[in-house]
Amino acid sequence: MVRRELDNEGPDRLYTVTGGRSQSDDPDLDLVTLIVSSAEPVPGMQSEHARILRMCVHPVAVVEISADLGLPVGVVKILLSDLLRANKVTARHPRLTSGRARTQLPDAAILKKVLVGLHNL
Amino acid sequence: MDSTTSDRVPLASTASEGLKIVIVGGFGVGKTTMVRSVSEIRPLSTEETMTQAGQDVDRTNEVADKSTTTVAFDFGRISLDEQMVLYLFGAPGQERFWFLWDRLFSGTLGAVVLVDTRRLEDSWYAIDRLEHHDTPFIVARNNFPGSTHTLDSVREALSLPADIPIIDCDARDRESAKRVLIRLVGHLVALSSKVAVS
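As they're listed, the protein sequences go chains E and Z.
Count along the first sequence from 1, then add 59; that gives the number in the working numbering.
Count along the second sequence from 1, then add 349; that gives the number in the working numbering.
Simulated from the structure, these hints should not be mistaken for laboratory data.
Accuracy of the hints is not assured; some may be wrong.
Stretches of chain Z that chain E covers, calculated by requiring three or more beta carbons in the stretch to come under 8 Å of a beta carbon on chain E [claimed, not checked]: (1) 357-371; (2) 388-398; (3) 417-427; (4) 430-436; (5) 444-458; (6) 524-536.
In silico BS3-like links for lysine-lysine, alpha-carbon gap of 30 Å or less [what the hints assert, rightly or not]: (7) E:K172 - Z:K527; (8) E:K171 - Z:K527; (9) Z:K543 - Z:K527.
Here a beta-carbon is modelled for each residue, glycine too, at the ideal position from N, C-alpha and C.
Work out the full structure, taking the sequences as your base and the hints as a guide.
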């Protein structure tokens, strides 16, 4: 596997991409939140936004978008919160495992479904 | 040069529930190999950065400040059914990584600590941190040629409590990697039913 050198991008580009923002205003975005486009890219749109809309015709996890754009997860979350606010994408948040207390395990029924899925691989 | 989503099988349009399992281990222990063995996509790589608390985020001319921590990690995915997609992360066990654990891996089902018996000390810190974060885990020994220790002696060397499973695996082998994940989730099922009873 070829590891791309994200560091080579330099902080200037990251600054430009996010308009200088360093934090997403959507704290619910998880690495595995699935993003689906609900609009087409339009001329004049920021290129990263347009790329996300094109790539998320099918559901794509936040972390996959990050890998495909070659941008850190935090930067991608900022871009996604723009698109969410503009209703250009929808987010399918992990409901079953987020929000539970740190020490609390997910429901045994869910874990058993995961087991079945793994056995069927 | 860009890899894009079009290079790989898209998720089902019904996919709605992302799940996480993290494989933690020292450099070269076989994390990415294990991810590759079971993933339905070629492993991808990305990174997250964190600016240490106290940093004035408005001082944008200092974005490359020394207090920024960057952690790279690999991942793959497994579609479990129409709804559930399991993401498998290969994560470095080094110290700075744990600053980002909560941000990246809160809600993780559980973890696999992948150990190389020639460098057991690499695993001590990871085990300590997982316990600290209350993340359930199992230990898998990747069978490098020449490892002669019994699993019991590895358990002892790691001071691993008796209720935490430890198994052998071959990270290159799909069936073996699958067994590791099944063992982990089986362990989680046992833990959750124990919680339900008590």
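Structure-based check of all given hints:
no.: 1; hint: 357-371; in the structure: holds (count 10)
no.: 2; hint: 388-398; in the structure: holds (count 8)
no.: 3; hint: 417-427; in the structure: holds (count 6)
no.: 4; hint: 430-436; in the structure: holds (count 5)
no.: 5; hint: 444-458; in the structure: holds (count 6)
no.: 6; hint: 524-536; in the structure: holds (count 5)
no.: 7; hint: E:K172 - Z:K527; in the structure: holds (15 Å)
no.: 8; hint: E:K171 - Z:K527; in the structure: holds (15 Å)
no.: 9; hint: Z:K543 - Z:K527; in the structure: holds (24 Å)
When each numbered hint is compared with the structure, no violation occurs for any of them.
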